[in-house]
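Asker: The lines below spell out each chain.
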Amino acid sequence: MKFGVIVFPGSNCDHDAYHVISKHVGQPVDFIWHGDTDLSSYDAVIIPGGFSYGDYLRAGALARFSPIMASVKKFAAQGGYVLGICNGFQILCEAGLLPGALIRNRDLHFICEHVTVRVESVETPFTNQVKRGEVLRLPIAHADGNYVCDDATLKQLQTEDSIILRYCDENGVPTEASNPNGSRDNIAGICNRERNVMGLMPHPERACEELLGSTDGRDIFRSLAGTLASIA
Amino acid sequence: MKAKVYVTLKPGILDPQGKAIQHSVNLLGFEGVADLRQGKYFEISLEQGIDEETALVNATRMAREVLSNPVIEDYRVEIES
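Just so you know, the protein sequences line up as chains L and E, in that order. Numbering-wise (the numbering used here), the first sequence opens with residue 1 and increments by one. Numbering-wise (the numbering used here), the second sequence opens with residue 1001 and increments by one.
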């Protein structure tokens, strides 16, 4: 199995993702420049966090027009696994690979802290080694993480079991107080209908070492690696 | 010729920046401000020789596909000859 981490001008969590794949997952991984277009040798692609194109216009809006994104769309349509983290989630929404949008946080602040999220669905390649209802402690670091969508989209996400992570308190209850940014229905991460594309605002790649305060992020990468191993 | 594109948040989409600006306006002593929403304005200068109809078609496409996100925003295009 081979992973690719896409690098846009302004990506800044690309090395963290690369480090986790190479060190903790123990699999080959390449950086892929946003001007490239060839994804034929990859099984999974990570769109990392950061501030691609300086968040100009809207977060993720300009990255969508990079040459690599047409290839990512094709890759996803062919069943390839795509994981968008933070700015990567914003890019996937702007590109139409995931429904909804991410707007300015409810209280306007840039939020950088550890939060707790509940795993709502384990029927995904990204969470199939986690228990449903499990509470993960992961860091967030964003100004535009407020997930919005219309009523019909929310209903669809709910009925299709596409909501994967929700902000919750330490006991696993999704409360208003535990919603850091005002996201609709406390949504922290979703997947597409085909379940091979996931986007999330928390940073699992920053939660894979004891030294960094949490190792819960490993569950996401372990699930994805396990999925790839099972189909190899 | 210029194309002017106004991008505004759809009704119902939370606008925390607009709220913060409204708060400042109130602090300045203005009364009677019921609501304040922030939007974006784009001014696109077009090269000579482009006719108005083409300008409108092109600017509308830019507004729809780049300048706005249809999930959260509406747009309005004006052509100034």
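FYI, nobody ran anything at the bench for these hints, they're computed from the structure. Check before you lean on any hint, since a few could be wrong.
FRET-style restraints, in silico, Cβ to Cβ [said to hold, decoys possible]:
#1 E:Gly1029 with L:Glu210: 41 to 47 angstroms
#2 L:Pro67 with E:Arg1064: 17 to 23 angstroms
#3 L:Ser230 with E:Leu1056: 49 to 55 angstroms
#4 L:Trp33 with E:Ala1020: 44 to 50 angstroms
#5 L:Gly226 with E:Val1025: 53 to 59 angstroms
#6 E:Gly1018 with L:His114: 43 to 49 angstroms
#7 L:Gln156 with E:Glu1052: 36 to 42 angstroms
#8 E:Lys1010 with L:Asp38: 37 to 43 angstroms
Calculated cross-link-like contacts (lysine-lysine; reagent style DSSO-like; alpha-carbon spacing at most 30 angstroms) [said to hold, decoys possible]:
#9 E:Lys1019 with E:Lys1040
#10 E:Lys1010 with E:Lys1040
#11 L:Lys73 with E:Lys1010
#12 L:Lys2 with L:Lys74
#13 E:Lys1040 with E:Lys1002
#14 E:Lys1040 with E:Lys1004
#15 E:Lys1019 with L:Lys73
#16 L:Lys2 with L:Lys23
#17 L:Lys155 with L:Lys131
#18 E:Lys1019 with E:Lys1004
#19 E:Lys1019 with L:Lys155
#20 L:Lys155 with E:Lys1004
Just some of the chain L residues that point at chain E, by a computed CB distance under 10 angstroms [unchecked claim]:
#21 Gly54
#22 Arg58
#23 Pro67
#24 Ala70
#25 Lys74
#26 Asn105
Small disclaimer: the values here were computed from a predicted structure and weren't measured. C-beta: ideal position from N, C-alpha, C; glycine also.
Asker: Does the Cβ-Cβ separation between L:Gly226 and E:Val1025 fall within 53 to 59 angstroms?
Answerer: Holds: the Cβ-Cβ distance is about 54 angstroms, inside 53 to 59 angstroms.
Asker: Do the numbers back the hint for L:Asn105, that is, is its least Cβ distance to chain E under 10 angstroms?
Answerer: holds (7 angstroms)
Asker: Can you confirm whether the C-alpha distance between E:Lys1019 and E:Lys1004 stays at or below 30 angstroms?
Answerer: holds (25 angstroms)
Asker: Does E:Lys1019 pair with L:Lys155 here, judged by a C-alpha cut-off of 30 angstroms?
Answerer: holds (28 angstroms)
Asker: Has the given pair, E:Lys1019 with L:Lys73, been kept, meaning a C-alpha gap of at most 30 angstroms?
Answerer: violated (36 angstroms)
Asker: At the C-beta level, are E:Lys1010 and L:Asp38 separated by a distance inside 37 to 43 angstroms?
Answerer: holds (38 angstroms)
Asker: Hint check: is the beta carbon of L:Lys74 less than 10 angstroms from a beta carbon of chain E?
Answerer: violated (19 angstroms)
Asker: Assuming the hint says 49 to 55 angstroms, is it satisfied by the Cβ distance from L:Ser230 to E:Leu1056 or not?
Answerer: Holds, since L:Ser230 and E:Leu1056 (Cβ atoms, about 53 angstroms apart) stay within the stated range.
Asker: Quickly compare the C-alpha distance for L:Lys2 and L:Lys23 to 30 angstroms and report which way the hint goes.
Answerer: holds (14 angstroms)
Asker: With a cut-off of 30 angstroms on the C-alpha distance, tell me whether L:Lys73 and E:Lys1010 pass.
Answerer: At roughly 27 angstroms apart (the allowed maximum being 30 angstroms), E:Lys1010 and L:Lys73 satisfy the hint.
Asker: Within 30 angstroms, alpha carbon to alpha carbon, are L:Lys155 and L:Lys131?
Answerer: holds (24 angstroms)
Asker: Given a cut of 10 angstroms on the nearest C-beta pair, is the interface hint for L:Pro67 held or broken against chain E?
Answerer: Violated, because the Cβ-Cβ distance from L:Pro67 to chain E comes to roughly 16 angstroms (cut-off 10 angstroms).
Consistency with the previously given hints fails for numbers 1, 4, 6, 15, 20, 21, 23, 24, 25, ordered from lowest to highest.
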